[in-house]
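In order, the protein sequences belong to chains A and B. Under numbering that gives the first Met the number 0, the letters of the first sequence match residues 0 to 562, in that order. Under numbering that gives the first Met the number 0, the letters of the second sequence match residues 0 to 562, in that order.
Hints listed in this document are in silico derivations from the structure and should not be mistaken for laboratory results. Even glycine gets a Cβ: it sits at the ideal position worked out from N, Cα and C. Worth double-checking, as some hints may not be accurate.
[As the list claims (entries may be wrong)] Covered, in the sense of this in silico footprint (three residues per stretch, anywhere, with C-beta under 8 Å from a C-beta of chain B), are these stretches of chain A: (1) 182-190; (2) 228-239; (3) 282-289; (4) 324-331; (5) 512-522; (6) 539-546.
[Claimed, not checked] Okay, the calculated beta carbon distance ranges per label pair: (7) B:H418 <-> A:E180: 42 to 52 Å; (8) A:R142 <-> B:A138: 36 to 46 Å; (9) A:A163 <-> B:A138: 34 to 44 Å.
Here is what each chain is made of, one letter per residue.
2 protein chains.
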Amino acid sequence: MSAKKEFIPDWTETAPPDGSYRSIFKWGAPNEFKHPSNAWYRMMKKEFGMTDDDFRKRKDEGLEPVSISRKSAIGRADLARFESIVGKKNVAVDGYSRLRYSRGKTMEEAAELRSGRIGRVTDVVIHPRSKEDVRAIVAHCGRRKIPVSVYSGGSSVTLGLRPARPGVTLVMGTHMNRILEINEQNQSARVQPGMMGPAYEEALNSAPEKFGTKLRYTGGHFPQSFEFSSVGGWVVTLGSGQASTYYGDAYHIVLSQEYVTPAGDIKTLDYPATATGPKVNDIMKGSEGVFGVLVEVTMRIFRYMPKNTQRFAFMLPSWNAAVNATRDVVQGEFGMPAVFRISDPEETEVGLKLYGVHGTPADTFMKLRGYRPMERCLLIGTAEGECGYAKHVKRMVKKICKGYGAMYLTGFAAKKWEHTRYREPYMREDLHDYGIVIDTLESAVTWDNLHRLHKGVREFIKGRPGTICMTHASHFYPQGTNLYFIFIMKMESVKSYLAFQRGVIDAITRHGGSPSHHHGMGRMLSPWLEKHIGKNQMAVLRALKEHFDPNNIMNPGGILGLD
Amino acid sequence: MSAKKEFIPDWTETAPPDGSYRSIFKWGAPNEFKHPSNAWYRMMKKEFGMTDDDFRKRKDEGLEPVSISRKSAIGRADLARFESIVGKKNVAVDGYSRLRYSRGKTMEEAAELRSGRIGRVTDVVIHPRSKEDVRAIVAHCGRRKIPVSVYSGGSSVTLGLRPARPGVTLVMGTHMNRILEINEQNQSARVQPGMMGPAYEEALNSAPEKFGTKLRYTGGHFPQSFEFSSVGGWVVTLGSGQASTYYGDAYHIVLSQEYVTPAGDIKTLDYPATATGPKVNDIMKGSEGVFGVLVEVTMRIFRYMPKNTQRFAFMLPSWNAAVNATRDVVQGEFGMPAVFRISDPEETEVGLKLYGVHGTPADTFMKLRGYRPMERCLLIGTAEGECGYAKHVKRMVKKICKGYGAMYLTGFAAKKWEHTRYREPYMREDLHDYGIVIDTLESAVTWDNLHRLHKGVREFIKGRPGTICMTHASHFYPQGTNLYFIFIMKMESVKSYLAFQRGVIDAITRHGGSPSHHHGMGRMLSPWLEKHIGKNQMAVLRALKEHFDPNNIMNPGGILGLD
Numbered sequence: 000m001s002a003k004k005e006f007i008p009d010w011t012e013t014a015p016p017d018g019s020y021r022s023i024f025k026w027g028a029p030n031e032f033k034h035p036s037n038a039w040y041r042m043m044k045k046e047f048g049m050t051d052d053d054f055r056k057r058k059d060e061g062l063e064p065v066s067i068s069r070k071s072a073i074g075r076a077d078l079a080r081f082e083s084i085v086g087k088k089n090v091a092v093d094g095y096s097r098l099r100y101s102r103g104k105t106m107e108e109a110a111e112l113r114s115g116r117i118g119r120v121t122d123v124v125i126h127p128r129s130k131e132d133v134r135a136i137v138a139h140c141g142r143r144k145i146p147v148s149v150y151s152g153g154s155s156v157t158l159g160l161r162p163a164r165p166g167v168t169l170v171m172g173t174h175m176n177r178i179l180e181i182n183e184q185n186q187s188a189r190v191q192p193g194m195m196g197p198a199y200e201e202a203l204n205s206a207p208e209k210f211g212t213k214l215r216y217t218g219g220h221f222p223q224s225f226e227f228s229s230v231g232g233w234v235v236t237l238g239s240g241q242a243s244t245y246y247g248d249a250y251h252i253v254l255s256q257e258y259v260t261p262a263g264d265i266k267t268l269d270y271p272a273t274a275t276g277p278k279v280n281d282i283m284k285g286s287e288g289v290f291g292v293l294v295e296v297t298m299r300i301f302r303y304m305p306k307n308t309q310r311f312a313f314m315l316p317s318w319n320a321a322v323n324a325t326r327d328v329v330q331g332e333f334g335m336p337a338v339f340r341i342s343d344p345e346e347t348e349v350g351l352k353l354y355g356v357h358g359t360p361a362d363t364f365m366k367l368r369g370y371r372p373m374e375r376c377l378l379i380g381t382a383e384g385e386c387g388y389a390k391h392v393k394r395m396v397k398k399i400c401k402g403y404g405a406m407y408l409t410g411f412a413a414k415k416w417e418h419t420r421y422r423e424p425y426m427r428e429d430l431h432d433y434g435i436v437i438d439t440l441e442s443a444v445t446w447d448n449l450h451r452l453h454k455g456v457r458e459f460i461k462g463r464p465g466t467i468c469m470t471h472a473s474h475f476y477p478q479g480t481n482l483y484f485i486f487i488m489k490m491e492s493v494k495s496y497l498a499f500q501r502g503v504i505d506a507i508t509r510h511g512g513s514p515s516h517h518h519g520m521g522r523m524l525s526p527w528l529e530k531h532i533g534k535n536q537m538a539v540l541r542a543l544k545e546h547f548d549p550n551n552i553m554n555p556g557g558i559l560g561l562d
Numbered sequence: 000m001s002a003k004k005e006f007i008p009d010w011t012e013t014a015p016p017d018g019s020y021r022s023i024f025k026w027g028a029p030n031e032f033k034h035p036s037n038a039w040y041r042m043m044k045k046e047f048g049m050t051d052d053d054f055r056k057r058k059d060e061g062l063e064p065v066s067i068s069r070k071s072a073i074g075r076a077d078l079a080r081f082e083s084i085v086g087k088k089n090v091a092v093d094g095y096s097r098l099r100y101s102r103g104k105t106m107e108e109a110a111e112l113r114s115g116r117i118g119r120v121t122d123v124v125i126h127p128r129s130k131e132d133v134r135a136i137v138a139h140c141g142r143r144k145i146p147v148s149v150y151s152g153g154s155s156v157t158l159g160l161r162p163a164r165p166g167v168t169l170v171m172g173t174h175m176n177r178i179l180e181i182n183e184q185n186q187s188a189r190v191q192p193g194m195m196g197p198a199y200e201e202a203l204n205s206a207p208e209k210f211g212t213k214l215r216y217t218g219g220h221f222p223q224s225f226e227f228s229s230v231g232g233w234v235v236t237l238g239s240g241q242a243s244t245y246y247g248d249a250y251h252i253v254l255s256q257e258y259v260t261p262a263g264d265i266k267t268l269d270y271p272a273t274a275t276g277p278k279v280n281d282i283m284k285g286s287e288g289v290f291g292v293l294v295e296v297t298m299r300i301f302r303y304m305p306k307n308t309q310r311f312a313f314m315l316p317s318w319n320a321a322v323n324a325t326r327d328v329v330q331g332e333f334g335m336p337a338v339f340r341i342s343d344p345e346e347t348e349v350g351l352k353l354y355g356v357h358g359t360p361a362d363t364f365m366k367l368r369g370y371r372p373m374e375r376c377l378l379i380g381t382a383e384g385e386c387g388y389a390k391h392v393k394r395m396v397k398k399i400c401k402g403y404g405a406m407y408l409t410g411f412a413a414k415k416w417e418h419t420r421y422r423e424p425y426m427r428e429d430l431h432d433y434g435i436v437i438d439t440l441e442s443a444v445t446w447d448n449l450h451r452l453h454k455g456v457r458e459f460i461k462g463r464p465g466t467i468c469m470t471h472a473s474h475f476y477p478q479g480t481n482l483y484f485i486f487i488m489k490m491e492s493v494k495s496y497l498a499f500q501r502g503v504i505d506a507i508t509r510h511g512g513s514p515s516h517h518h519g520m521g522r523m524l525s526p527w528l529e530k531h532i533g534k535n536q537m538a539v540l541r542a543l544k545e546h547f548d549p550n551n552i553m554n555p556g557g558i559l560g561l562d
């Protein structure tokens, strides 16, 4: 049983070859990896009935160079027109570009690319330099009825990027990736949509040096995909950051937007509130490219005071206690924690196991104090903002948690979580190399329906033998929260996995969850939209689509169930 | 000069006769009054060059019984249909009802009614008992192309209620005026739209007795019209309460809504946040009756902890200091004050005069300390919520204000303001009885444009000789605030007054203000909408109108500039 003798799989430590399928589906930076720990490895073997032999050879690594037989359907004249708009070097029709900018990060897409199966890809990739470029391209595509899709961060996990009807794909991150203005009086930043999370945050943090402001700022938006998602993507898919309980979701952080649509430009105004009728600004948020192309967005920004951050972690005796404690916190009228998350019993147990707490004196101590395995729940979080405010929020969280029988674990767990917060997705490729799927689905929920949703979805997932299901709530509101389901299993086939995935989405919606809390809808979840919001609300979305895009060229084919 | 000998006008202390014009235009409860103080009276004489003689005889009191010559245009068969839906006693075609439910509270409407001039009035007044009633009525009106308007609180100051095309008016307050459910887990209340402010708040405050809840709640929404406005009205006109800086505007407080529209029912869901595409819930807010009839709304509610309220008031040395201090407060990331308002130099001076501070030792003391008349600015506010939170917010407000040279005036002024907060509108009739107009217009503004807007609008208003102009900001956001202009003047004629009013709105929009921060648009402000949001956004609203109401029967004639 000595760890020394233990077999350890040969996890990949090599960047995918340039031009390979793997370079497209691999998460994150080519040279960065995060491998399962030995504890992880042991857990997988045990849970999935696998042996060391199953981990001796990686399968379907997708190291081959991309090869696309189907030629771009774009005509010579159209291509010339696009080249005249953006310049020759900003137009690409090679197979690799066409595939790369036609895929996001779903398991389905990864599995297809691993086996070299290529479905639909865009016909031409264009890197616009400005909103004027976008306007000219959309105008031309309108005249020629060529579909227009947008690729920005590329981190979609809802098939938001895989085109149903090939045409033009606009890549926003190449040139349209800057903060155009920080308005310090209004505490807002005017940003191009292709700016990626880290560049955006770094520019705000160093605003005095870069923009001559008096103070430093933060965007307050830190999704797990932070490093590989863009400001524009956050807005058009209604993303949420891990500190959203305090800073708000992208929905709340957007102040105004500018879109190029076939029906003309929409530029909304910067007022934080007006009583001038229904707000077109709202209608555009979450529109996932079906009304038009986001070309500029003005975001609310926040004072950056990282030294004030207060961290905390608690062990609660039960899921019920964790849910009630967090509800009490966010309904308590004393401000909001920033990061705030509770893990259900299985996620807590897996976490303790993977972080090496299982079987230690600390674990024994917890058990003795009545925090029992598969009942206890971990809560971690931070309080941010002005110093006295952050301290008071932490003090109140502590008081409420203690009232629910919590044990205070200091801020260490929160600090540890922060350090790995963006790393977890890297593990996906390691697992998949040996035929193991790790995937997630998530849902918004009102407080009064939380237990029903949690129980119902777990029942479905755990109904499949050998499936790990970890659940947490991580975005809190006085009226509800979200449930985020992570499931890990040995994949039999892509087809059977997709059937299982559909089953989970069915279970979510059947038990009163919304099909998405912050992943957007894409082509994966959109089939559930009409049932979710009803046909009369769908008819409103269709009327808007008809108005903005009567020829159905904007991201056509299934997004939001519009066609 | 002794006050004893001073002439005091005979302000009306009599409730308007039943059935009179005055019973329609008088603000508030028939038997309640608030008269100008002697200081007010002296100020008006001085500012408007009037003498006691001008105040010896009230003019155009509108005490005559309403008499309408034009008969209801509604046909016998339609009437019978309405009676069969709601019952005979819930349908009225008498002249008084038709006029009463066709008028709001603008100066223009009051002036017309005082002189017995009657323009368009509705044809039939219906008091629906349920959403099923509303559905049947809208269906019938759809078939017969009869216009449908809604009357709820009746406090519109934007000509939201004066029909452009007579038809049916639905009075929501008669029967549809209850809380249907308090969901304590979700902290939300499902409410019928005709419920008035005080009944709503009282029911929430006494929720344990009335609904068996564990805690007491507040709606957090206290507009100046609180006593005579309805929950539904707040939602469809995008109102704001005086504590909105903490609780949010009606826009934020709405969780979900149910509408009856000619295109079918819209019932949005209770999720506090989802990523399921553009939200129809948003599109309906502020729709002022042009898409459909609001029949139910679910509002976020808040824990009621009145004992925790912290009050404060400061004198700041200048408007600039007041603006910068409040901006610093709401951008400070330590929570938000609830009531929060700053008066500009003229409003501050008028306030000191009217509250008898002028010329007292306190005034001398302030002047000696450098708070000079027509420069100094009053700030008052409260902090609410959990006890430690409220105290911390007050502490921080104090710290910031002191940094801008403020003198702390204790919480007394805030307390005094609270006691008269809903009383001011009562004075309008007293003034108008002697030919003096007091009226208001208000605007949303971003911080970076506040001084330009304030200066530009004041220049226009003060350009009219003998015009008092008091301005305050009273709804704060990190990105901006509102400016609320109160002007008082001797009215030459209704026509010249309306020309002046149009001039003020022009000045507001010309200097970058929005035409409305929380009064809604109505028929008064809607002509400025297209210029404000641009023709492409107007086209979106028109597309929505066409979808919901292709026959243009819902509140037709000018609302939101749609026809």
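Quick check: which numbered hints come out false for this structure? As far as the earlier hints go, not one is violated by this structure.
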